[in-house]
Amino acid sequence: MLVLVTILLPLAAGAMLFALPREDRSVTRTVGVAVAVVVVVTLVLAGTSEWSFRWLSRPFQAAFHFGATPTSFWIALLLTMVSACAIAASRVARLRDFVALMLLLEGTMLGLFLARDLLLFALFWDLMLVPVFFGLAGWGEHPATAWRYFIYNFAGGLTLLLATAAFGVIYGSTDVIGRAVTPLVGAWAPWIYAGFAFAFLVKTPVWPLHTWMPPTYSGLPPPMVAVVSAVQSKAGLYGFLAIGLALLPHAVHDYATPLMALGAVSLLYGAVIALVQNDSKRIVAYSSLSHLGLVAIAIGSGNALALRGALVYIIAHGLFSAALFLLLGYVEEREDTRLLARLGGIGWKNPKLAGALCIAALAALGLPGLAGFAGELLVLIGVYQAGYVWPVIVALVAIVLASAYLLRLYQDLMNGPEEADVPVRSDLNWYEALTVAPLLAALVIVGVYPAALWHR
Amino acid sequence: MTLPFTSADWWAVAPVSVVAVAALLVLVADIFSGRREQRYLSVFIALGGLIVAGVVAGRQFGHNYNAFFGGFLAGGFATVFQEIVLIAAAGSVILYAAMGPVARVAGSIAIMLWSACGAMLMAGAANLIMIFLGLELLSLGLYALCATDDRTSSRESALKYLILSSTATAFLLFGAALLFGATGSVQLADLANPSQVSNPLFWSGAGMFLIGLVFKLSLVPFHTWTPDVFEGAPLPVTAFMSVATKAATIAVFARFIYAAVPASVQERLLLPVWIVAGISMIAGNVGMLAQRNLKRLLGYSGIAQVGYILVALAGGTPLGLRYALYYLTAYALMNLGAFAVAAAISRDAEEGAHLHTYQGLARQHPWLAAAMTILLLALAGLPPTAGFLGKILILASSVSAGFVWLAALLIVGTAISLYAYAQVIRAMYAAAKGQPSQARPFVPLACVSAGICAAAVVVMTFYPLTPSNVLPLAH
Amino acid sequence: MGSVAYPLVVALWLLPLAGAVLCWAFGPRLRSACGWLAAGLVGVSFLLAVASWGSATQNLGGVLGAHQPLVSWMPGFDFGLLLDPLSLIWTFIITGVGFLIVFYSIGYMDGDRAFARFFAYMSFFMFAMLTLVLSDNFVGLLVGWGLVGLASYFLIGFWFERRSAVAAARKAFVINVVGDVGMMFAIFLIVANVHSIGFGDVFAAAPGLSDKLVFAICLALFIGAAAKSAQVPLHTWLPDAMEGPTPVSALIHAATMVTAGVYLVARCAPLWNHSGSAQLLVATIGGVTALGGAILGTAQWDIKRILAYSTMSQIGYMIMGVGVGAYEGGVAHFFTHAFFKAQLFLGAGLVIHALHNEQDIRAMGGLWRRMPFAFWVMLTGVLSICGVPGFSGFFSKDAVIYGALQHGHPWIYAVDIVTAGITAYYMFRMLFVAFLGEYRGEAAPDRAGRESEHGTHAPGWVMNVPVAVLVVPSVAVGGALMFGGDNSPWSRFFAPLYGTPSSRAIAVPPISEGVTSLVVFLTVIAGFAIAWQRYASRGAQADAPARLRRETERMPAVLTNLFYVDWVIERLIVRPAQRLGELFGRVVDPHVLDGAVRDLVFWARWLGTLVRSFQTGLVRAYALILVAGAACFVVYYAVAAGLR
Amino acid sequence: MPVPTGHYVALAAVIFFIGVLGVIVRRNPLIMLMSIELMLNAGNLLLVAFARAWLQNAGQIFAFIVITVAAAEAAIGLAIIVTTFRPARFVDVDDVRSLHG
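Residue numbers (the numbering used here), protein chains in the order written: chain A, 140 to 595; chain B, 35 to 509; chain C, 17 to 660; chain D, -11 to 89.
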C-alpha cells in the first residue's frame, strides 16, 4: 500500500499544483519540496513491499503490480533524491507549472521503476515522456527539440509495446518483473528482445540512436535535465537488467557482442566529442553518452561482478550527472552564458561553487574514492573476467579522455584569469548549496562503501 | 389479416423504434416551439429518446433473440454495437446545441436519428435483406444530412457521397444477389456451409459484398470520398458519420466473417481485406500530415483507425472481436470528444474545423485543451488512455493469430500518427501568434461532453471492459 | 593479523586527513593558524610512525609488520593497512620531511590569499600518499595513486589564475590518469588470475603464474609507475609541475610522490623477481630517464627546472636500482634523495623568495655574499646529490650503481657512471651561475598574485630552521645507516623483506665496490672541473653575462625542445583526437545520424503528399479509383475461386 | 423451354458493367444517377432470377425492397443535385471540386 502512496503522491501533488489558482512561487516551492521529501521517506519505509491489483486476464495476465526489487529500490531512491534536490533548485519562470511537471515526472518514473508488470512498465515508459516533452516545449530553447525527443522515444515505446504484447501472448502473463521466472526461449525470443532492446537503446541513449539527447539535455532547464539525465536515462539500462537479462537471458547472451560494440563505440564517440564542445551542458551530455556505454558493456558481458558494478555505476552516474547539471545551471544563472569560451576564473569569487563542481567532475572522471571509480572498477574487472579484452581497453582509453574533457570543463569555468566582462557574482548561498550537498555526500559514501548497494 | 410476428419480434427492435419515434417527436415539437429555444428543445428530446433506447437495448443484452425469421438478431452482439451507435448519435446531437447557430436543426436531428435507426438495424442484421435495408437507411439519411448546411462545400460533399456511396452500395447489392444465388437463402448463417467453398458464385458474391463494406469502412483505395465528405459535411454530421457508419459496418463485417464464411476458406477469402487494412494504416496516417482542417484530418485518421480495428478482427477469434469492440468504443469516444471540443470553440459551424482556431487554446481554456490533448494522445495510442490499452490488445490478438506483419504496420502507422496529431497539440500550446486570440464562446454542454469522453477514455484504461457474450450468431 | 600498534597506524594515516578537512572547513576563520594546525598534525603522525617502528619490523606468524583488514567489499576485496619496513621508510619521509616542509611553508606562503587552502591541499596530499604506501592491496594502492595525483593537480594549479599553471596541472593529471589506467589493467589481470587484490595473496600466488602473465602484470604496473615517477616517455609533466609553489615542488615533486613508482616496484619485488624481462625493461627505462634527465638538466636556466630534471634523473637511478633487483639500494637512494633534494628545493625557495620570484639563474649571480645561508645549504645539497664521498648521496648512489653490476647489468652500470658525471656538471653549473660572480639581476618586477605579495624580505626563522634541520640527514644519514654493505643497519633492516644484497647477487662483479666508488668519484670530479672551467674560473667570471647570452643562443635545438617529446605527443595524440571530435560533433552527429532520421520524416511527408495527390476533388476520378480497387478485388476472387 | 439461369447472370453482369462505365465516363450527375440505378437493377435481375432458380421468394422480396429504396435514393439524389447545381447553367460534376487535397 505504501508503495502505491509513493507513486500516487507526486502525481496527485502535481495535478493539484496545476489547479493552484495563481502563480505563488514560495507556496509552489514549499509544496514541491515537501512532497518530494515525503516521497523519499515513504519510499524508504515501503522498502520492497508490494501492492497488486488485477488488470487483465485475457489475452494475458496483467496486474497493477508495484513494488521495489533490490535493484530498482536503489534507482528509485536515487530518483526521489535527485527529484527533491532538483525541485528545490527550480527557479524558472512559471514555476507552478514547472514544479507540477517535475512532480509528474517523478511520479511517472517511480511508476516505471517500481512496476512489477511489463505492461505497466510499458505504460509508464510512454507516460514519463510527456512531462519532459512539455518541459522542453515550455522552457526549452527550441520547441523542435521537444518533438525530436518525443518522436525518438515514442518510436522506442512502440517497439516496446509490440514486444510486450508478444511476450504476454507467448508467456501468458506480463506480471513477471523481479520474480524468478523460467526464461523465454524459442524462435520468438530474439525478436521480442529486439523490440525491447531498441527502446532501451534509444532511451539510454546508445550510439547511433543518441542524436535526440544532446539538444534535449542542453535545452532543458537544469532541474529537469538533472532528473532526466540522472534517472530517466537509466530506464533503458534498468530495462536491460530487469527485463532483458531476467526474462530473455539467452537472447541477451546471443547478441551480447553487438550490444558491447555499440557500448564501446558510444564510449569513445561521446568522449571524443566532449573533448571539443564549447557548450558546457553539451559536454556533460556527451559525457553521459560515453559513460553509459560502459554500463551497456557490463550488461553485455553478463558477468556477475560487472552487473554489480553496473548498478553502482548507474547510481554513481545518476548522482554526478545530476550534480553537474544543477551546478552548471547555477553557473549559467550567474553568467547568462554557459559557453566555455566566454567563462573563466569563477572560482576565486565562488569557492563553494567551484568546490562542488570539482567534486562532481572528479566523480565523473572516476577519481578513486568516489562513486564513479567503484562502478568503473567493478564493471571492468567483471568484463575482463568474462573474457572480453577489447571493450576493457576501449573503456580505459575513454577514462583517460574523460579526465581530459572534464578537467577542461572545470578549469575553463572556474580557473584561469577572471573574465573582465562578466558581472560580479555571489557564491552559492546555503540554500543553493543544500540542493547539491546530498548528491555529493552520496557520491562519497557510495564511493567509499559501494558494497552497501548489494548488501541488502 | 394478422402479421406472422410475435411480440418478441417487436421487442427485439424496440430500441430502434424508440429512436424512430423520438425523431418524430422532435419534428412535432419543432412545429410548436418558438424560434429561440427551438434547437435546445430538439436536442433534449433527441437525447431523451436516445437514452431511453440505450436503456431498452441494455435490457436486451443478456438474452439473444432471433427475430423476423432470422432477419434480426437482438441482444449480445447487436446490443453492444447499438449502444455504440446510440452514443455516437447522442454525442453528435449534442453538438447541434453546442455550436453556434446552424440551419434546420430539428430536421437534421430527426434525419440523424433515422440514420441511427439504420445503423442499429445493421448492428442486428442477420440476413442480406436487413443488411441492405439498414445500410441504405443509414446512407440516405447521411446524404441528406451532408447537404443541410448552406455552404457549397456542404452540398459538394453530399453529391460526392451520394454518387460514390450509391455505387458502392450497388456493388454490395450485386454481391448480395450473387450470394443469394449461391445458397438460395438470404440468411448469413446458411452461407457458412462448406459446400460453398468450391462455388464461384459464392466467391464472386463474397468479393463484391466485401467491396461494399470496405467502401463504407473507407479503406484505401475505397477511401477517396472520406476526406472530402468529412470536411464538407456539417460538424455534427461528420462526428456522427465518423463513428456510426464505421460501427454499423464493422458489425456487419464481423457478423459476415464470423458467421457467414466457412472457416476453411476464411484466410483466403479475407486476405484482400487485411491487405487494404494494412495499406490504410499507413496511408491514413501519412495523409494526416500537413492537414490544415481538423475534420479532414480526422477523416484520414479514421481511415487508419478502422485499419487498427480490422487488425483485431484479423485473427477471426472471439477474443479478437472483443478487442475490436473495445477499441471501437474507445475510438467512438475519442472522435466524439474531439468533435465536441471543435464545436465548443466554434462560433459558426465551421470555425472549429480550422487548426489555426486552436492557436493558444491552452491559454484561454486550459481544461478544454487538456481534454483535447488527452483525446488526441488517445488516438495516437499513448497512455494512460484506452488508445494505449486497445493497441496492446490488438497487437496481442494479431500476434497470437500470426498476423505479425499487420502488427508491424500498425506500429509504423502509429509512429507516424503521433506526429500528425501532434500538429493540433502544438497549435493549442503554441502562443496565439498574430491576432490577439479572440474571446471564444464557452459552451458548457460541449465541454461536458468532451470532458466525459476524455475521462471515459482514461478510465477505460484501468477498467478494460471487453464485453463477453458477444456471439455473432445465436446458436 | 592485528597488533598493539595497529590503532596507531590507523591514527597516523587519518591525522593528515583531519588536518585537511579542518583547514578546508574552517580555513577562512583559522586563517594563519591553519599552517600550525596542519604542521602539528603531521608532526604528531610522524611521532606515531616512530612509535610504531617496533610493530612494523616485528614478524608475527609469518606476517611481517602490522597488518589488519579494515573493511570488506566482497570476498577477495578486503581493505586494510600494512605497515612493514618498506612502508615505514616511506611513512618516515612523508611525515618527517613533510612536517619540515609544511613548517617551512608557513613562512613561504605567508600572506598568500589562499593560505588556508594551501595547507588543506598539503595535508590532503600526505593523507593520500600515506594511503598509497600503507594500503595492503592493489586497489587501495590505486586509490592512493589517484588521490596523490589529485593533490598534485591541485597544488600545481594552486595559483589557478595563471593559465600556465592551469595547463601544467591538467597535463600532470591526465598523464597520471594514463598511469592509473595502466595500474587498473594490472588489477584486472591480477583479479582474473588470482581472484584477490591483497598483496599477500598475490605475491604468494606469483610463483604459480606464467612468465608471460607476470610480465604483463609488471608491464601494466610499470605504466603507472612511469607516469607517477616521470619516467620516459611519460616524464613531460614533471618540469611543468614547477608552476606550483616551491614547497610543493620540494615535497611532492621531489621527495615523496614522484618516488611512488620506486615504492611500487619495491613493493612488488616478488613479481619482478619472477620476470627477468620485466626487470630489464624497468632498469632500461630507468637508465634512459636518468641519462636523459641529466642531459636536459644541462640546458636549463630556470633554477627549479634544473632541480626538476635532476629529480627526474635521480628517480631514474632509483628505478634502475629497484629494476635490477637492488631493492634496498633503490630505496636507499630514495631515502637520501628525499633529504637533499628537499633541501635543495627549499634552498632554491629561499633564493626565489628573496628575489621575489626570480627563477632564472642568469638573472642571479653573486648571491653567496647576499645570502650565505642559502649558499651553504645549496652547496651541501649539491655535494650530496653528486655523491661526493662522505655525503649521504654517495652511499645510496653507490649502492645503486654497484647493484647494477652485482645483478649483471654492465651497460646500466656504465650509464650510471656517466650520468653521475653529468649530474655533477649541471648541479655545479647551477650553483656557480647562481651564487658566484656578480649579481646580474635587475630588481625583478613583482608579478602580482604569484608567490607572496610583499617584496624582498630576508627569510624568517620559520623558513630557515627546517632547511637547517634537513642539512643534517642529507649529509650524515647515509654514513650512519648505509655503510658496510650487507651488515649495514640498512641492509639488516630490509633483510626480512629482501634478504641481504649479496645473497641475491647474480654475478660476482669483476670490479670491486671500492673501485667503483673511485671511478664514480673521478667522473664527478671531471664534471665539476668542466663546470668550474666554464662558469667559475676567473675567465668565465670576467664576462659572465655575454657568455651566458652566447650559451643561450648556441643551445642545441634538440635540448631546448626537450627531445621533441611534447611535440610528438601533441601531434600524434592530442591534435588527432580533437580533429576527430570536431568531425563527429560537427558532421557525423547532426548530418549523418540525425540526418538519417530527418530523412525518414521527409519520406513520410512525401508519402503523405502522394496519398493526398489522389484527392483531386473530381468525383469521377474518385469513382475511377473505387472501380479500379473493385476490379482488383474481383480479379482476386475470380483467381481465388479458381484456386480453391 | 426456360432460359438457363446462367444467361440471366451474364446479362446482369453486362448491365452492371454498363452502369459502372456510366458512372465513370459520364459527367452529367443525372446520368450518373441513372447508371447507378442501372447497377441496382442488375442486382434486382439477379435476385429475381435466382429466386426463380431456387424457388425462394426471399429473392423477390429483396428485389421489391431494393426498388423501393432505389426510388428513395433517386429522390434524395435529385434533390441534392438540384441544390448543388442551382447556381450553375450547365450541369457538370467536374465543376464541383472545391474540396480536395
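Since the hints were made in silico from the structure, they are not lab data.
Among the hints, erroneous ones may be present.
Only pairs whose alpha carbons sit at most 20 Å apart, straight line, appear in this in silico EDC-like list of lysine to aspartate or glutamate [stated by the list, open to error]: (1) A:K488 to C:D128; (2) A:K491 to C:E177; (3) A:K488 to A:E472; (4) A:K488 to C:E177.
Non-contacting residues of chain C with respect to chain B, defined by C-beta distances greater than 12 Å in every case (computed) [to be verified]: (5) W69; (6) Q74; (7) P286; (8) A430; (9) D582; (10) E586; (11) A637; (12) C648; (13) V651.
Pulled a few chain D residues facing chain B out of the computed Cβ check, cut under 10 Å [what the hints assert, rightly or not]: (14) P(-8); (15) H(-5); (16) V2; (17) A39; (18) F78.
Quick reminder that beta carbons are idealized off the backbone N, C-alpha and C, glycines included.
Comparing the hints with the structure gives:
With a C-alpha separation of about 16 Å, the suggested pair K488 of chain A and D128 of chain C falls inside the 20 Å cut-off, and the hint holds. Our distance criterion of 20 Å between C-alpha atoms is met by K491 of chain A and E177 of chain C, whose separation comes to about 17 Å. The straight-line distance between the Cα atoms of K488 of chain A and E472 of chain A is roughly 15 Å, inside the 20 Å bound, and the hint therefore holds. As the CA atoms of K488 of chain A and E177 of chain C are separated by approximately 12 Å, the hinted pair is consistent with the 20 Å bound.
Remark: the non-interface label on W69 of chain C is consistent with the geometry, its nearest Cβ contact in chain B lying 70 Å away (cut-off 12 Å). The non-interface label for Q74 of chain C is consistent with chain B: the shortest C-beta to C-beta separation is roughly 69 Å, beyond 12 Å. In this structure P286 of chain C is separated from chain B by more than 12 Å, as the shortest Cβ-Cβ distance comes to about 61 Å. Distance check on A430 of chain C: its Cβ is at least 75 Å (rounded) from any Cβ of chain B, clearing the 12 Å threshold; non-interface status holds.
No Cβ of chain B comes within 12 Å of the Cβ of D582 of chain C; the nearest lies about 53 Å off, and the non-interface call holds. Remark: the non-interface label on E586 of chain C is consistent with the geometry, its nearest Cβ contact in chain B lying 48 Å away (cut-off 12 Å). Some Cβ of chain B comes within 12 Å of the Cβ of A637 of chain C; the nearest lies about 8 Å off, and the non-interface call is violated. Remark: the non-interface label on C648 of chain C conflicts with the geometry, its nearest Cβ contact in chain B lying 8 Å away (cut-off 12 Å).
Separation of V651 of chain C from chain B is inadequate, the least Cβ-Cβ distance of about 9 Å not exceeding the 12 Å criterion. Because the closest C-beta pair between P(-8) of chain D and chain B is about 13 Å apart, greater than 10 Å, the hint is violated. Here the hint on H(-5) of chain D is broken, as its CB sits about 13 Å from the closest CB of chain B, past 10 Å. Because the closest C-beta pair between V2 of chain D and chain B is about 12 Å apart, greater than 10 Å, the hint is violated.
A cut of 10 Å between beta carbons decides the hint on A39 of chain D: the least distance to chain B is about 8 Å, and the hint holds. With 10 Å as the threshold, the beta carbon of F78 of chain D stays out of range of chain B, its nearest partner Cβ sitting at about 15 Å, so the hint is violated.
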